[in-house]
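Protein chains: 2
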Amino acid sequence: MARGYTIGIDLGGTNIKGGVCDAEYRLVAQEEIETQADRGPDHVIARMAGLVATLISKAGLSAADIAGVGVGAPGPMSHSAGMIYHAPNLPGFVNVPLRDRMAELTRLPVTLENDANAAAFGEFAAGAGKDVRDMVMLTLGTGIGGGVVLGGQLWRGAFDNAGELGHTIVVPGGRPCPCGQKGCLERYASAHAVAERVREAVQAGEPSSLRAKALAGDDFDARDVLAAQAAGDALARRIWDEACFHLALAAVNIQHSFNPELVVFAGGLIRAGEVLLGRVRAHFEALSWTIAPDRPRLALATLGTDAGTIGAAALARS
Amino acid sequence: MARGYTIGIDLGGTNIKGGVCDAEYRLVAQEEIETQADRGPDHVIARMAGLVATLISKAGLSAADIAGVGVGAPGPMSHSAGMIYHAPNLPGFVNVPLRDRMAELTRLPVTLENDANAAAFGEFAAGAGKDVRDMVMLTLGTGIGGGVVLGGQLWRGAFDNAGELGHTIVVPGGRPCPCGQKGCLERYASAHAVAERVREAVQAGEPSSLRAKALAGDDFDARDVLAAQAAGDALARRIWDEACFHLALAAVNIQHSFNPELVVFAGGLIRAGEVLLGRVRAHFEALSWTIAPDRPRLALATLGTDAGTIGAAALARS
Chain A
0 MARGYTIGID
10 LGGTNIKGGV
20 CDAEYRLVAQ
30 EEIETQADRG
40 PDHVIARMAG
50 LVATLISKAG
60 LSAADIAGVG
70 VGAPGPMSHS
80 AGMIYHAPNL
90 PGFVNVPLRD
100 RMAELTRLPV
110 TLENDANAAA
120 FGEFAAGAGK
130 DVRDMVMLTL
140 GTGIGGGVVL
150 GGQLWRGAFD
160 NAGELGHTIV
170 VPGGRPCPCG
180 QKGCLERYAS
190 AHAVAERVRE
200 AVQAGEPSSL
210 RAKALAGDDF
220 DARDVLAAQA
230 AGDALARRIW
240 DEACFHLALA
250 AVNIQHSFNP
260 ELVVFAGGLI
270 RAGEVLLGRV
280 RAHFEALSWT
290 IAPDRPRLAL
300 ATLGTDAGTI
310 GAAALARS
Chain B
0 MARGYTIGID
10 LGGTNIKGGV
20 CDAEYRLVAQ
30 EEIETQADRG
40 PDHVIARMAG
50 LVATLISKAG
60 LSAADIAGVG
70 VGAPGPMSHS
80 AGMIYHAPNL
90 PGFVNVPLRD
100 RMAELTRLPV
110 TLENDANAAA
120 FGEFAAGAGK
130 DVRDMVMLTL
140 GTGIGGGVVL
150 GGQLWRGAFD
160 NAGELGHTIV
170 VPGGRPCPCG
180 QKGCLERYAS
190 AHAVAERVRE
200 AVQAGEPSSL
210 RAKALAGDDF
220 DARDVLAAQA
230 AGDALARRIW
240 DEACFHLALA
250 AVNIQHSFNP
260 ELVVFAGGLI
270 RAGEVLLGRV
280 RAHFEALSWT
290 IAPDRPRLAL
300 ATLGTDAGTI
310 GAAALARS
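Residue numbers (numbering that gives the first Met the number 0), protein chains in the order written: chain A, 0 to 317; chain B, 0 to 317.
In isolation and in its complexed conformation, chain A is listed as follows (with noise of 0.2 angstroms):
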């Protein structure tokens, strides 16, 4: 089948994932390499480049069966430009024009997303979402990320900025963030202001089984608080229930904002499973309105760390 598939490059500030996919949205072939991102701009571009050949000399394929590559990349940039603006994980990367070099480096049409609304849209095409049309997804790593597909689309805003939903602020006058706003969703829910707020919780005095671990330093992170948990330490339980509320009251704004059919949960922090889920599905039930049955399921992301290249690969397409 000519131009029957499509390629999806994951950047991140340390690997670069890359896969082919087919019409059906299944990889076929994948591969990561290192981005050596110290080495600046043209040298990842040109790693990506190279990535793309070997993706399809692996795939067993030929650049004619190619119908193009999508890029999903850490912001601000614009998909419409196709340029990033500025990604801290990048060094030199401000105002790269990175669409149009990987374009002329490979030949092939590219196309430029946000990774966010790129693992967004992978989940909608062949994962949590698809079977459904409207999806909002949260992404919960050291940031939280988020993606809209509304109408089997995905909405980008007027200023490509749609979607950023861990910058919603669910605390007014709370926590400060690195962006500026006080309060913000991530700055609670993260998989890094978990673990963050159990250590100033024990710098402030509070017993907990986790004091070692959490004043050592870098060792601790969410995945400590979660066993912390299980194991009925109270004030990994607090923390933990607190995120987990306040992912359930960004829910409850998702659902009277965009009011879609889903909304799923991704990243680091949900490989606690049911523990997460369950929870912030019992607050959701709580805090949410009763005088009208919308609303949206909860579920979590299936595609784990593909679903970056998966969705632009399927951005490729669409």
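Hints listed in this document are in silico derivations from the structure and should not be mistaken for laboratory results.
Note that this is a predicted model, so its numbers are computed, not measured.
Hints may contain errors.
Stated by the list, open to error - Taking beta-carbon pairs under 7 angstroms as the criterion, some of the chain A residues facing chain B (in silico):
id, residue
1, Ala161
2, Ile168
3, Gly172
4, Gly179
5, Gln180
6, Gln202
7, Phe257
8, Trp288
9, Thr289
10, Ile290
11, Asp293
Claimed, not checked - Chain A regions said to be covered by chain B (calculated; three or more residues, Cβ under 8 angstroms):
id, region
12, 244–252
13, 258–269
Claimed, not checked - Non-contacting residues of chain B with respect to chain A, defined by C-beta distances greater than 12 angstroms in every case (computed):
id, residue
14, Leu26
15, Thr34
16, Gly59
17, Pro90
18, Val147
19, Asp159
20, Ala203
21, Ser207
22, Arg210
23, Ala215
24, Glu273
Positions of the beta carbon are idealized from the N, C-alpha and C atoms, including for glycine.
Please build the complex by placing chain B on the supplied structure of chain A, with the hints as guidance.
Structure of chain B alone, referenced to chain A:
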């Protein structure tokens, strides 16, 4: 011009407003009649059909000139089914197939829409939003209604309930709302809430020049609070400012959710003009992030009480 006109009907608990619009969304005839809601749905629907005939005649047109009729009505309702599920201010309006009943009586195509959506679409088509593609509107009345226009289309959501922004939660665990939630935007920033919060504070013993009037009862409303804050009353100033703060917080969340070009404020409270908009803008500047230049413009609605009629007429065309 055959079928160059559409009719918009704005169904309220007290009055029914109607208008004939040309293709540029100009009102060429208008009429307002009593709803006589206490006489039940059959009577009200017959009055609406009669109003359509009156409007056609008043505009000097015939039915052949009318492409369709749009009806904006209170909900909950289903646009796709053309059905009002339950309208608290219209006795007997429970599961009423209003669209099809009106189509039978008028022999014209009829579309049914949520009144807040119709008003938002009116401002989009012919008012504050006529030069943008993406717009979110908040109508500050007894409650707070919302409407969302994305890419030139009304966004209704998977359950026809999108844009219920008055019920986004702005204060976790905050003021109880009849909807069953706590801390809804409309419990802080509707015209009703502004007066109610002053009354509650006075009842709790806070000093205010509004004391006597607030305790006297029904006559007391947001206009009194506006006048008192202009005269320097400290309580009125605080409550008014908090309303503006929460509207600004809602605007931040709209920014990061829909990322529209424009947020429009409508409804009775905007008679305050700059005393509302200026303060909302100041809070918005202080609350919103500094890492991307994607703030929507904030503006007041321009069509007043005609927005619902014009919007319903515009929806009959789209």
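Evaluated hints:
| no. | hint | result |
| --- | --- | --- |
| 1 | Ala161 | holds, 4 angstroms |
| 2 | Ile168 | holds, 6 angstroms |
| 3 | Gly172 | violated, 10 angstroms |
| 4 | Gly179 | holds, 4 angstroms |
| 5 | Gln180 | holds, 5 angstroms |
| 6 | Gln202 | violated, 24 angstroms |
| 7 | Phe257 | holds, 6 angstroms |
| 8 | Trp288 | holds, 4 angstroms |
| 9 | Thr289 | holds, 4 angstroms |
| 10 | Ile290 | holds, 5 angstroms |
| 11 | Asp293 | holds, 4 angstroms |
| 12 | 244–252 | holds (count 5) |
| 13 | 258–269 | holds (count 3) |
| 14 | Leu26 | holds, 29 angstroms |
| 15 | Thr34 | holds, 23 angstroms |
| 16 | Gly59 | holds, 40 angstroms |
| 17 | Pro90 | holds, 18 angstroms |
| 18 | Val147 | violated, 8 angstroms |
| 19 | Asp159 | violated, 8 angstroms |
| 20 | Ala203 | holds, 21 angstroms |
| 21 | Ser207 | holds, 24 angstroms |
| 22 | Arg210 | holds, 28 angstroms |
| 23 | Ala215 | holds, 31 angstroms |
| 24 | Glu273 | holds, 24 angstroms |
Violation of the numbered hints given earlier is confined to hints 3, 6, 18 and 19; the remaining hints are satisfied by the structure.
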